[in-house]
Amino acid sequence: AQKITQTQPGMFVQEKEAVTLDCTYDTSDQSYGLFWYKQPSSGEMIFLIYQGSYDEQNATEGRYSLNFQKARKSANLVISASQLGDSAMYFCAMRPVPLNTGTASKLTFGTGTRLQVTL
Amino acid sequence: EPEVTQTPSHQVTQMGQEVILRCVPISNHLYFYWYRQILGQKVEFLVSFYNNEISEKSEIFDDQFSVERPDGSNFTLKIRSTKLEDSAMYFCASSRLRTDTQYFGPGTRLTVL
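Here the protein sequences come in this chain order: E and F.
Going by the numbering used here, the residue at position 35 of the first sequence is 171; the numbering climbs one at a time, nothing skipped.
Going by the numbering used here, the residue at position 7 of the second sequence is 20; the numbering climbs one at a time, nothing skipped.
FYI, nobody ran anything at the bench for these hints, they're computed from the structure.
Each hint should be verified, as a subset may be incorrect.
[Claimed, not checked] Here are the simulated DSS-like cross-link-like pairs (lysine-lysine), alpha carbons at most 27 Å apart as the crow flies:
1) E:Lys209 to F:Lys96
2) E:Lys206 to F:Lys55
3) F:Lys70 to F:Lys96
4) E:Lys139 to E:Lys209
5) E:Lys139 to F:Lys70
6) F:Lys91 to E:Lys152
[Stated by the list, open to error] So, partial list: chain F residues that the calculated Cβ filter (under 8 Å) puts toward chain E:
7) Phe74
8) Phe78
9) Pro83
10) Thr114
11) Gln115
12) Phe117
[Said to hold, decoys possible] What follows is a list of derived Cβ distance ranges for each label pair:
13) E:Glu192 to F:Ile51: 20 to 30 Å
14) E:Phe148 to F:Ser94: 41 to 51 Å
15) E:Gln193 to F:Thr124: 18 to 28 Å
16) F:Val37 to E:Ser177: 39 to 49 Å
17) F:Ser94 to E:Arg199: 28 to 38 Å
18) E:Lys206 to F:Leu43: 21 to 31 Å
19) F:Glu31 to E:Gln193: 45 to 55 Å
20) F:Glu14 to E:Tyr190: 22 to 32 Å
21) E:Val233 to F:Glu14: 23 to 33 Å
22) E:Lys206 to F:His23: 33 to 43 Å
23) E:Ala137 to F:Leu52: 19 to 29 Å
24) F:Glu14 to E:Arg199: 18 to 28 Å
We put the beta carbon where it would ideally sit given N, CA and C, even for glycine.
Using the sequences and the hints, build the whole thing.
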């Protein structure tokens with residue numbers, strides 16, 4: 137079984153500052169993927185960034201980067217130069233890489249962190 | 014940019030009624046999923062679908078739920094007899110390959126009265 141823990145229910149950050157959202161995970165799978173999704177108040181789930189468990193370099197996508205520390209089982213999201221539009225709920229998620237090629241691979245989500253960007 | 018679409022955006026129904034939630038996954042995707050999110054809670058997996066059959070389902074996905082891909086584009090979730098506790102946001106997602114990123118639709122907010 138997989139488990140995602142997000143210990144920060146809410147975070148505040150000033151506009152243009154960087155912020156780190158924490159995510160730790162637990163899994164017995166050798167191969168897995170880690171994801172961050174953004175959920176604005178409108179409700180949709182927007183994919184932000186992906187990190188594979190065997191990727192040696194931390195993933196980056198524009199202002200988003202993933203601080204992956206495999207030994208610590210953490211996959212923190214770093215948002216640089218925060219913008220007002222970054223205010224949203226952020227979910228960390230993971231999925232295994234199934235051995236069976238015909239098996240779809242479900243995502244397990246954390247409880248989320250609500251980020252509020254202030255002026 | 015291709016995206017997952019879902020209809021309706023909001024559905025209100027009476028307890029005990031059947032509802033069908035519709036999704037059009039991204040066209041070249043092969044793996045399909047339904048998730049739900051009860052208000053204020055985390056997103057929970059319901060079911061995955063590949064090659065016209067259920068690949069995996071959660072404990073939530075009991076006999077009241079069913080999924081279908083009736084044609085080459087639609088993917089539906091049916092709840093046969095809705096309960097109050099089925100009130101939630103239901104998300105459809107799809108991925109091209111089993112290990113690819115899952116892209117989510119905008120969700121259908123189901124309210125059971």
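Evaluation of the provided hints:
1. E:Lys209 to F:Lys96: violated, 38 Å
2. E:Lys206 to F:Lys55: Distance of about 24 Å is within 27 Å: holds.
3. F:Lys70 to F:Lys96: Given that 27 Å is the threshold and the Cα spacing comes to 19 Å, the pair holds.
4. E:Lys139 to E:Lys209: It holds: about 11 Å lies between the C-alpha atoms, which stays within 27 Å.
5. E:Lys139 to F:Lys70: holds, 17 Å
6. F:Lys91 to E:Lys152: The given pair, whose Cα atoms are some 45 Å apart, is violated under the 27 Å limit.
7. Phe74: violated, 11 Å
8. Phe78: violated, 15 Å
9. Pro83: violated, 19 Å
10. Thr114: Where the cut-off is 8 Å and the nearest Cβ of chain E is about 6 Å from Thr114 of chain F, the hint holds.
11. Gln115: holds, 6 Å
12. Phe117: Holds, about 4 Å.
13. E:Glu192 to F:Ile51: 20 to 30 Å: Since Glu192 of chain E and Ile51 of chain F have Cβ atoms about 38 Å apart, the given range 20 to 30 Å is violated.
14. E:Phe148 to F:Ser94: 41 to 51 Å: holds, 44 Å
15. E:Gln193 to F:Thr124: 18 to 28 Å: violated, 45 Å
16. F:Val37 to E:Ser177: 39 to 49 Å: violated, 24 Å
17. F:Ser94 to E:Arg199: 28 to 38 Å: violated, 46 Å
18. E:Lys206 to F:Leu43: 21 to 31 Å: At 29 Å between Cβs, range holds.
19. F:Glu31 to E:Gln193: 45 to 55 Å: holds, 49 Å
20. F:Glu14 to E:Tyr190: 22 to 32 Å: Between Glu14 of chain F and Tyr190 of chain E, where Cβ atoms are some 28 Å apart, the hint holds.
21. E:Val233 to F:Glu14: 23 to 33 Å: Check passed, 26 Å falls within 23 to 33 Å.
22. E:Lys206 to F:His23: 33 to 43 Å: holds, 41 Å
23. E:Ala137 to F:Leu52: 19 to 29 Å: Check passed, 25 Å falls within 19 to 29 Å.
24. F:Glu14 to E:Arg199: 18 to 28 Å: holds, 19 Å
When each numbered hint is compared with the structure, violations occur for hints 1, 6, 7, 8, 9, 13, 15, 16, 17.
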